[in-house]
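Trainee: One-letter residues, chain by chain:
There are 4 protein chains.
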Amino acid sequence: MSGNIIGERFLLMTFGESHGKCVGAVLDGCPAGLALAEADVQSELDLRKPGQSIVTTTRREEDRVEIMSGVFNGHTTGAPLMMMIRNEDKDSRSYDAIINTPRPGHADLTARSKYGGFNDYRGGGRFSGRITASFVMGGAVAKKLLKEALGIDVVAYSLEIGGVKAKNFTFEDARANRYSNEVRAPTSEAAEEMKRKIIEVRGKGNSLGGIVECVATNLPVGLGEPVFASLDSDLAKIALSIPAVKGVEFGSGFSSARSTGLENNDEYFFDRGKVSTRSNNSGGILGGLSNGMPVVYRVAFKPASSIASKQTTVDLRSGKEADLVVPGRHDPTVVPRAVPVMENVTALVLADHAIRAGMIPPVLGRND
Amino acid sequence: MSGNIIGERFLLMTFGESHGKCVGAVLDGCPAGLALAEADVQSELDLRKPGQSIVTTTRREEDRVEIMSGVFNGHTTGAPLMMMIRNEDKDSRSYDAIINTPRPGHADLTARSKYGGFNDYRGGGRFSGRITASFVMGGAVAKKLLKEALGIDVVAYSLEIGGVKAKNFTFEDARANRYSNEVRAPTSEAAEEMKRKIIEVRGKGNSLGGIVECVATNLPVGLGEPVFASLDSDLAKIALSIPAVKGVEFGSGFSSARSTGLENNDEYFFDRGKVSTRSNNSGGILGGLSNGMPVVYRVAFKPASSIASKQTTVDLRSGKEADLVVPGRHDPTVVPRAVPVMENVTALVLADHAIRAGMIPPVLGRND
Amino acid sequence: MSGNIIGERFLLMTFGESHGKCVGAVLDGCPAGLALAEADVQSELDLRKPGQSIVTTTRREEDRVEIMSGVFNGHTTGAPLMMMIRNEDKDSRSYDAIINTPRPGHADLTARSKYGGFNDYRGGGRFSGRITASFVMGGAVAKKLLKEALGIDVVAYSLEIGGVKAKNFTFEDARANRYSNEVRAPTSEAAEEMKRKIIEVRGKGNSLGGIVECVATNLPVGLGEPVFASLDSDLAKIALSIPAVKGVEFGSGFSSARSTGLENNDEYFFDRGKVSTRSNNSGGILGGLSNGMPVVYRVAFKPASSIASKQTTVDLRSGKEADLVVPGRHDPTVVPRAVPVMENVTALVLADHAIRAGMIPPVLGRND
Amino acid sequence: MSGNIIGERFLLMTFGESHGKCVGAVLDGCPAGLALAEADVQSELDLRKPGQSIVTTTRREEDRVEIMSGVFNGHTTGAPLMMMIRNEDKDSRSYDAIINTPRPGHADLTARSKYGGFNDYRGGGRFSGRITASFVMGGAVAKKLLKEALGIDVVAYSLEIGGVKAKNFTFEDARANRYSNEVRAPTSEAAEEMKRKIIEVRGKGNSLGGIVECVATNLPVGLGEPVFASLDSDLAKIALSIPAVKGVEFGSGFSSARSTGLENNDEYFFDRGKVSTRSNNSGGILGGLSNGMPVVYRVAFKPASSIASKQTTVDLRSGKEADLVVPGRHDPTVVPRAVPVMENVTALVLADHAIRAGMIPPVLGRND
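One line per chain: the protein sequences are A, B, C and D, in this order. Count along the first sequence from 1, then add 119; that gives the number in our numbering. Count along the second sequence from 1, then add 119; that gives the number in our numbering. Count along the third sequence from 1, then add 119; that gives the number in our numbering. Count along the fourth sequence from 1, then add 119; that gives the number in our numbering.
Hints in this document: simulated from the structure, not taken from any laboratory. Any given hint could be a false lead.
Chain copies aren't distinguished; within one or between two, either way the pair holds.
[Said to hold, decoys possible] List of simulated lysine to any residue pairs, SDA-like, C-alpha gap at most 20 Å: (1) K286 - E386; (2) K140 - R205; (3) K140 - E185; (4) K314 - R448; (5) K429 - P413; (6) K284 - S374; (7) K323 - P446.
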């Protein structure tokens with residue numbers, strides 16, 4: 120199967136390049152009968168689009184989505200949905216500079232080697248973070264489907280940027296606040312501090328990494344297919360497909376490695392007649408299956424690789440080292456724009472698994 | 120596709136349960152012409168088999184592998200290899216106790232819910248760590264193939280157990296030492312300390328977690344298929360399919376989230392005519408593709424969920440809470456036995472990607 | 120994905136060779152809670168096993184199936200079922216003769232070329248008709264599942280052997296009679312004539328082809344997934360995976376090519392309140408979807424390639440032509456033994472599509 | 120996996136509806152470095168486009184293809200190619216008539232049932248023959264790749280229409296003549312007679328079926344993956360995905376069922392030092408693998424279901440039978456327009472298998 124496809128029953132195939140004609144996706148397996156308009160997808164795309172604030176790149180894209188197939192009379196038909204956005208504000212000329220002087224931290228050199236130099240290198244081409252717009256297209260449909268069919272919510276937020284960590288907040292705080300500040304933090308206090316840090320580091324021609332936390336609530340028990348399509352396996356796989364992601368952990372994650380069984384096991388109790396756990400160190404996943412508690416996981420983003428400062432690289436023509444100032448317009452950190460992406464890829468995986476587990480039927484309602 | 124299948128071109132399908140007749144796998148896509156004997160697989164299985172030392176479970180299994188198809192005259196034929204081991208030293212009687220009092224940290228309750236109570240619950244059934252024996256079967260073939268066709272080495276070791284972290288060692292130390300101590304540490308000093316810690320905690324009826332680091336060397340550039348079958352995506356997916364894994368990180372991983380672009384970017388230079396990077400914060404993967412540097416990643420294991428101490432759970436018949444002492448024989452930590460498993464699953468992913476990238480041909484040599 | 124896998128949600132992976140240790144399959148995606156015993160599979164295997172009568176090969180195999188995983192307390196668990204039979208009455212010595220003188224009509228030469236001579240050539244190895252035993256293992260489970268969950272019946276029979284065509288029979292005749300005669304004909308009259316013809320041609324060291332017709336009744340509307348997983352596409356694909364099959368046609372099939380729209384369209388009418396068609400030229404499939412009428416299709420088998428008469432082939436060592444008398448024991452026609460195989464592969468495809476369409480749930484009943 | 124995807128390594132995903140905004144496809148797995156322009160795809164689309172002659176529908180579509188991704192500087196990049204055509208001359212109003220009176224021979228009723236009435240029924244929607252334009256998009260790339268990388272040719276032609284069968288022609292005749300007559304016959308004599316027959320039947324408000332023969336030459340030995348991805352299996356699967364196809368046969372096909380082993384086996388000989396067969400009853404496929412002889416197969420098309428004559432159907436509102444005159448513009452036979460489609464789908468399958476067998480590398484030439 121193609122590496123550009125994710126999912127089994129709710130399946131997304133992406134296409135497009137950063138500076139080509141478009142970026143888009145074909146989504147298949149969405150049940151027939153879901154009410155869907157372009158606005159439903161647009162609202163999610165708007166959350167990740169560039170040029171929104173001082174903390175993101177100045178590239179301005181309308182990112183106006185067109186749904187080209189699979190919707191009829193305002194509802195999904197059961198046929199594949201092709202969705203796309205045109206690339207408009209692309210400035211490709213400067214990228215000739217990087218053909219022979221690959222940018223550190225980017226895929227320029229590995230892609231050139233793999234594709235014999237035929238790859239579209241402009242703006243990173245197929246390896247650009249812009250590709251995540253196609254993840255959002257599929258995820259927007261997934262989010263709506265999950266909400267309407269099962270009442271599932273997915274919420275992500277910037278837990279940490281440049282070492283500034285959000286503290287003292289509840290899930291409800293995060294849900295309420297994350298999109299009312301530019302950095303997608305769960306509290307306005309953290310937002311202020313993160314923003315200050317970003318502006319400071321950008322001023323030095325440098326960039327920052329961070330951590331996004333993602334929480335899905337109201338999940339049924341039993342999402343995940345043993346042994347390789349476990350829920351955590353599939354969430355990790357898609358998270359690591361997002362450029363700049365370098366790590367993922369579930370529940371108590373890496374800190375559980377320093378814990379003991381007595382501390383880390385989540386003991387069961389009856390919570391108003393329903394089996395629940397007192398703690399959630401498992402992050403809502405046991406044996407690769409959702410256990411009914413919130414799924415909680417964190418994803419580490421490295422600092423944006425494109426920076427304004429001069430770096431050392433190689434010149435492939437001369438065989439010598441060379442200085443490089445990366446061309447183009449850059450995000451000082453990818454974390455704020457990654458927050459809606461994380462929500463959407465999480466929704467993609469959950470929708471796929473809910474369909475695999477038979478929890479969402481192939482047709483919603485009847486129209487005949 | 121089935122959740123019990125991993126890989127595209129070098130594909131493994133697993134089957135079997137902890138206390139059923141057998142555990143095994145079918146491997147397809149191995150090139151014809153690889154010299155292969157049962158001993159090649161046995162040697163890897165022996166590294167993970169239980170009952171080897173004081174730091175593992177006392178369940179004793181011969182785990183004698185049979186290759187039932189796909190090998191003829193000492194070479195692979197291009198047809199699927201079915202491999203299996205019989206379950207022998209199983210003691211299932213005690214597991215009746217857990218039908219209605221699910222073990223904290225295990226999949227007992229989620230599996231029961233998902234499969235309507237028809238699942239084989241004995242010893243965790245399909246959710247047991249014993250399933251990883253089937254990963255090893257496929258991985259053993261992958262390791263041999265990678266070594267012979269491309270000269271690739273895969274080495275894993277216990278970087279940390281119970282908070283005891285190995286220090287001051289080189290890759291060559293790790294390669295040389297890891298299987299000469301019971302805990303699979305890269306140095307004998309770390310091994311001693313880890314072992315002491317394990318014995319201490321086991322004595323308290325408790326268990327420990329830890330971190331396995333895995334390194335693959337001599338990789339070609341360009342392994343990985345954008346965008347979802349990136350090399351890190353597929354390594355993370357398979358790692359999280361191993362029971363007890365709660366996190367994975369590549370290169371500088373979670374610490375890169377607190378770093379800056381200038382610090383974290385790996386600058387290029389010419390190393391005896393070949394492009395190389397001075398640091399390896401990327402963990403050998405850029406844009407989801409191997410970049411020719413060693414692939415380095417770490418996997419966090421939670422403390423073993425089965426412990427001798429009394430825990431609180433629910434009694435599904437009475438609807439009340441209940442005390443539970445987990446029956447069976449337990450590993451005080453899964454980390455030492457997870458080391459060969461990590462090597463083998465890494466090899467599985469690398470072999471699949473090497474074949475996908477056309478770097479290993481469908482036939483090795485000729486026999487006609 | 121592997122060529123040895125068929126199906127998406129009810130998925131079969133086969134392994135084994137004609138003269139190796141075993142032939143078997145792993146079946147995944149069978150819902151949990153199906154009552155299943157080895158006898159359920161054995162009864163189907165017995166229908167295709169060799170050595171049963173004068174019209175089949177004299178190779179005698181018990182073909183005793185073992186279910187090695189996936190069943191617990193008499194029910195499927197939702198985990199993969201591994202099933203296998205041992206090869207016993209194999210006589211491999213004579214096959215050395217064919218290494219360098221490939222048998223006309225067999226895959227000897229193409230397989231040797233593809234696998235560089237590493238293939239197991241004994242008895243055709245992986246290309247032997249014996250491989251269909253693994254199709255039957257999966258199909259036996261599919262048949263039981265279809266019957267119990269949806270009331271679907273699948274019936275095949277020898278419509279034609281060596282030019283002798285069965286006439287004047289109903290579906291009920293075929294269902295009642297097919298396994299009460301050695302050639303699997305729908306009427307005893309046809310059976311007698313077919314048998315005479317087979318004995319006559321076998322006596323001349325020759326072999327015969329024929330046509331199997333397969334009918335599935337009581338199907339729901341809507342099985343099939345546009346556009347490439349149409350029901351006829353998937354039935355044709357699996358039929359052509361059976362050795363010796365050279366053609367397949369649905370409903371009026373090739374004769375529809377000489378018909379007109381007015382003649383061939385199946386007009387609708389209400390049959391006791393239910394929409395039905397007066398004719399069934401479509402073979403129960405419209406637009407790749409089952410339409411509720413019986414699915415009817417026919418499969419053409421070439422004459423068995425292994426014959427006792429002398430044939431001309433090439434000697435790969437000398438580079439000259441050579442005479443060949445094919446070693447081993449042969450079926451004078453594969454058609455009678457192909458009848459249960461056709462029923463079983465049809466059931467495999469129908470079960471897969473019923474699950475894909477959400478018509479069979481992942482768990483049958485509850486056991487908790 | 121989605122039913123809208125075909126192929127493993129050279130993979131096509133289709134989207135679009137007859138009367139929606141567009142019809143298109145995403146092609147993935149095409150090696151980097153293939154010279155490709157829209158004109159290469161357009162020339163194949165032009166061969167199937169409607170409105171070309173008296174023997175096809177009067178619907179006029181420019182069917183102007185746009186390649187939206189995956190090509191850079193005139194060559195494929197290794198990234199997915201999205202290609203599409205806009206729907207322009209659609210006249211959807213008349214289709215309201217068929218919502219409740221399904222057209223005999225079409226998928227109207229089965230689709231409505233499967234998708235709960237949410238399907239886009241206009242012009243057959245996703246079940247329209249217009250979907251085959253997306254098959255051609257992928258096939259055009261496959262044809263060019265096969266020709267340039269391996270020298271493979273694929274030629275199809277109308278062997279028979281309405282009972283008129285082409286006779287006395289060679290493969291070279293067919294290759295030279297097929298696109299110089301409106302009915303895509305291999306000889307001008309057959310073309311004249313077929314055309315006369317079509318005009319005659321159209322005049323009666325009726326339609327015709329026919330048979331397309333497809334031949335691929337210059338194939339390497341060993342295309343096809345046992346056991347389910349055999350070359351004939353995959354060709355049959357894709358052929359039966361084309362609307363109106365009701366049968367497929369390879370080599371001597373159904374007539375082999377009436378033959379004997381001595382007659383039907385293709386004996387080997389050395390043809391100028393190369394192993395060849397004297398006859399080609401196998402159709403170039405043995406054991407599911409190409410054997411180096413031309414692959415020859417035939418596909419039966421039923422008469423076009425849309426006819427101008429009045430037919431009987433059901434009225435789903437009234438529960439009574441009703442007369443129907445099918446709205447829209449119709450092909451009196453689909454066979455001529457199916458000829459390029461057959462060439463293209465054949466090329467798709469061959470390209471996929473050539474890549475799977477490692478016979479086409481992932482990069483053609485170098486650009487660095």
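Trainee: All the hints need checking, so say for each whether the structure fits it.
Mentor: Against the structure, the hints come out as follows:
1. Proximity of K286 to E386 under the C-alpha cut-off of 20 Å is found in neither arrangement, the shortest distances being 26 Å within a copy and 35 Å between copies.
2. In the homo-oligomer, the alpha carbons of K140 and R205 lie at most 20 Å apart both inside one protomer (6 Å) and across protomers (16 Å), since each shortest distance falls under that limit.
3. When the C-alpha separation of K140 and E185 is checked against a cutoff of 20 Å, the pair qualifies both within a copy, at 14 Å, and between copies, at 10 Å.
4. Taking CA atoms no more than 20 Å apart as the test, K314 paired with R448 passes inside one copy only; the shortest distance there is 19 Å, against 52 Å between copies.
5. In this assembly of identical chains, K429 and P413 lie within 20 Å of each other by CA distance neither inside one copy nor across copies; the values are 44 Å within and 26 Å between.
6. Proximity of K284 to S374 under the C-alpha cut-off of 20 Å is found in both arrangements, the shortest distances being 16 Å within a copy and 13 Å between copies.
7. Proximity of K323 to P446 under the C-alpha cut-off of 20 Å is restricted to the intra-copy arrangement: shortest distance 16 Å within a copy versus 59 Å between copies.
In the structure shown, a violation is registered for the earlier hints numbered 1, 5, in ascending order.
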